[in-house]
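J.: Next come the chains, spelled out residue by residue.
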Amino acid sequence: MTWSEMQPLLEQGTVDTLYMVLWATVVTVLGGLPLGILLVLTDKGGLLQNRPVNKIVGAIVNVGRSLPFIILLIALIPFTTFVVGTFIGPTAMIVPLAIGAIPFFARLVETAIREVDHGLVEAVQAMGGGIPTIVRKVLLPQALPSLVSAVTTTVIVLIGYSAMAGAVGGEGLGSKAITYGYQRFDTTFMLVTVVVLVAIVTVVQLIGDGIVRLLARRGRTA
Amino acid sequence: MRRALDSDGNPVITTSGLTKVYESRGRQVTALDGVDLHVREGEVFGVIGQSGAGKSSLIRCVNLLERPTSGTVTVDGVDLTALAGKGRRAGKDLRHARSSIGMVFQHFNLLSSRTVKDNIELPLEILGVSGAERSRRALELLDLVGLADKARAYPGQLSGGQKQRVGIARALAGKPKVLLSDEATSALDPETTRSILQLLRDLNQQLGLTVLLITHEMDVVKTVCDSAALMQRGRVVESGTVGELLATPGSQLAAELFPVSGAATAPGRTVVDVTFHGETTAQPVISQLSRTYNIDISILGAAMDTVGGRQIGRMRIELPGSYEENVVPVGFLREQGLQVEVVEQQDRPVPAQAPALVKEGAK
Numbered sequence: 132m133t134w135s136e137m138q139p140l141l142e143q144g145t146v147d148t149l150y151m152v153l154w155a156t157v158v159t160v161l162g163g164l165p166l167g168i169l170l171v172l173t174d175k176g177g178l179l180q181n182r183p184v185n186k187i188v189g190a191i192v193n194v195g196r197s198l199p200f201i202i203l204l205i206a207l208i209p210f211t212t213f214v215v216g217t218f219i220g221p222t223a224m225i226v227p228l229a230i231g232a233i234p235f236f237a238r239l240v241e242t243a244i245r246e247v248d249h250g251l252v253e254a255v256q257a258m259g260g261g262i263p264t265i266v267r268k269v270l271l272p273q274a275l276p277s278l279v280s281a282v283t284t285t286v287i288v289l290i291g292y293s294a295m296a297g298a299v300g301g302e303g304l305g306s307k308a309i310t311y312g313y314q315r316f317d318t319t320f321m322l323v324t325v326v327v328l329v330a331i332v333t334v335v336q337l338i339g340d341g342i343v344r345l346l347a348r349r350g351r352t353a
Numbered sequence: 300m301r302r303a304l305d306s307d308g309n310p311v312i313t314t315s316g317l318t319k320v321y322e323s324r325g326r327q328v329t330a331l332d333g334v335d336l337h338v339r340e341g342e343v344f345g346v347i348g349q350s351g352a353g354k355s356s357l358i359r360c361v362n363l364l365e366r367p368t369s370g371t372v373t374v375d376g377v378d379l380t381a382l383a384g385k386g387r388r389a390g391k392d393l394r395h396a397r398s399s400i401g402m403v404f405q406h407f408n409l410l411s412s413r414t415v416k417d418n419i420e421l422p423l424e425i426l427g428v429s430g431a432e433r434s435r436r437a438l439e440l441l442d443l444v445g446l447a448d449k450a451r452a453y454p455g456q457l458s459g460g461q462k463q464r465v466g467i468a469r470a471l472a473g474k475p476k477v478l479l480s481d482e483a484t485s486a487l488d489p490e491t492t493r494s495i496l497q498l499l500r501d502l503n504q505q506l507g508l509t510v511l512l513i514t515h516e517m518d519v520v521k522t523v524c525d526s527a528a529l530m531q532r533g534r535v536v537e538s539g540t541v542g543e544l545l546a547t548p549g550s551q552l553a554a555e556l557f558p559v560s561g562a563a564t565a566p567g568r569t570v571v572d573v574t575f576h577g578e579t580t581a582q583p584v585i586s587q588l589s590r591t592y593n594i595d596i597s598i599l600g601a602a603m604d605t606v607g608g609r610q611i612g613r614m615r616i617e618l619p620g621s622y623e624e625n626v627v628p629v630g631f632l633r634e635q636g637l638q639v640e641v642v643e644q645q646d647r648p649v650p651a652q653a654p655a656l657v658k659e660g661a662k
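Chains as they are written, first to last, in the working numbering: chain A, 132 to 353; chain B, 300 to 662.
Hint data in this document are derived by calculation from the structure and do not stem from the laboratory. All figures in this text were calculated on a predicted structure; none of them were measured in a lab. Accuracy of the hints is not assured; some may be wrong.
Just the calculated beta-carbon pair ranges, DEER-fashion [stated by the list, open to error]:
1) A:342 <-> B:432: 31 to 37 Å
2) A:220 <-> B:411: 53 to 59 Å
3) B:395 <-> A:196: 37 to 43 Å
4) B:390 <-> A:196: 32 to 38 Å
5) A:214 <-> B:439: 15 to 21 Å
6) A:325 <-> B:432: 54 to 60 Å
7) A:267 <-> B:432: 55 to 61 Å
8) B:435 <-> A:334: 18 to 24 Å
Cβ coordinates follow ideal geometry from the N, Cα and C atoms, glycine included.
Modelling step: build the complete structure from the supplied sequences, incorporating the hints.
T.: Below, the structure is given as structure tokens:
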């Protein structure tokens, strides 16, 4: 394949990948953030201690995390079809991507929020603050740098998943690499795809680290 | 600077029969064992004890951060234990009551993600105060604690003492009547400790703020407290105003607050401890004694304060001759309203001080 042949494929692949990953990230954050907070609050000694809820949510998250993504992808075909109307194409892929990433992100959120000093929670309780106040004004703002790191890691995992999704009717760089690079033995195209993926991951990581550094700088310099 | 306080006065914090039992792995640990505490309006009340004595549980039970196992807590006429209900979560009424009790912490507990000013505004946000009013009040409080220039700084840029000043400003934002101080100076160096205690004292006097503080440092009690309680193994073993404690023979707290020591300089002399518990006016009792009976008196040791023209503290003096020869001078001192104890120490080495109340590291 010549460069002029590769270029449109790579462009289309990149656009599809970014589209899938972006929307999957939005859904993952919307779903995983409350789940992670719930895991912390309902845990033993938590503000909303509730063993049954904690155990059930924890079990669902663990099952979700231990399923290999490629299996999940196939298992979710009926559900994806039900939600989107089809299981093929980048929009359909957002469903399994998000469902695969939510448990992962929820655990990262849980860890990030657990690191918030309990003294701060007590201070707000002593002021008369309730649980919504504690979550909004203490847990989330104090954990923000860790949460941004968690989102960065999740985006990168989603980029990896999205490449896998290419095997099951998805679009994006992964799909292009499989179709043109692997099935047509075009090593050059395969390598170029990998380079583009590495570049995307690197940029995402740099942006994430930059935001974390910006947030962490508060409180140290003026 | 200690104020002479009447024994009566409205109790603003009252605990009665307060008991807290922790259960861990089937074992029961009694942190509080029937604590009755009365903190009067406008006083600085210190609870002192070793770690593990239950003082931290006590102060955390006062605003119900810790649920007492039994007993009641009343703050400013409101029975908080009745508001608490059964569940672990604090209901609306309890949260509202808490907003009028300020609390400062050993490790400050400031939000590192907010500026100093925004930290002080946090309790006002919870109270639903409007933005402009919050800002005005926060700046006013910063001025009060002497940090007017640090409004836009982050806690990470402040020293320990400055952080605690912010903590105090934040605790005062809701205009509380009562301030709870949980080892507020324990993480600070001695000089900063003094300045924070001075601030607490100033606030107590300027705003009429009642302060309940817990500490393991006797110096804190010495410096600011009008009243004190000693806790051991979950119980209050001594409690009262400084004057009352001094008037209690054998009081450990009085001995620690006003330590006197010194042995007789020669055999055949009488050593007596004279306690001034604030009932007598500041007459020059010792020189009167000397002149009236024409005897030479040596002062071996003294720990005294003069508060509102009244002397408070203890003094160890030495009179010539045996006790039998000094019955009349001792009687004179008692007539002045002083408490006199003869120190029997002939031929025996005297322990330098009363048994240590707090562990060495704490001093």
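J.: Determine which of the earlier numbered hints do not hold for this structure and return their numbers in increasing order.
T.: Structure breaks hints 2, 5, 7 and 8.
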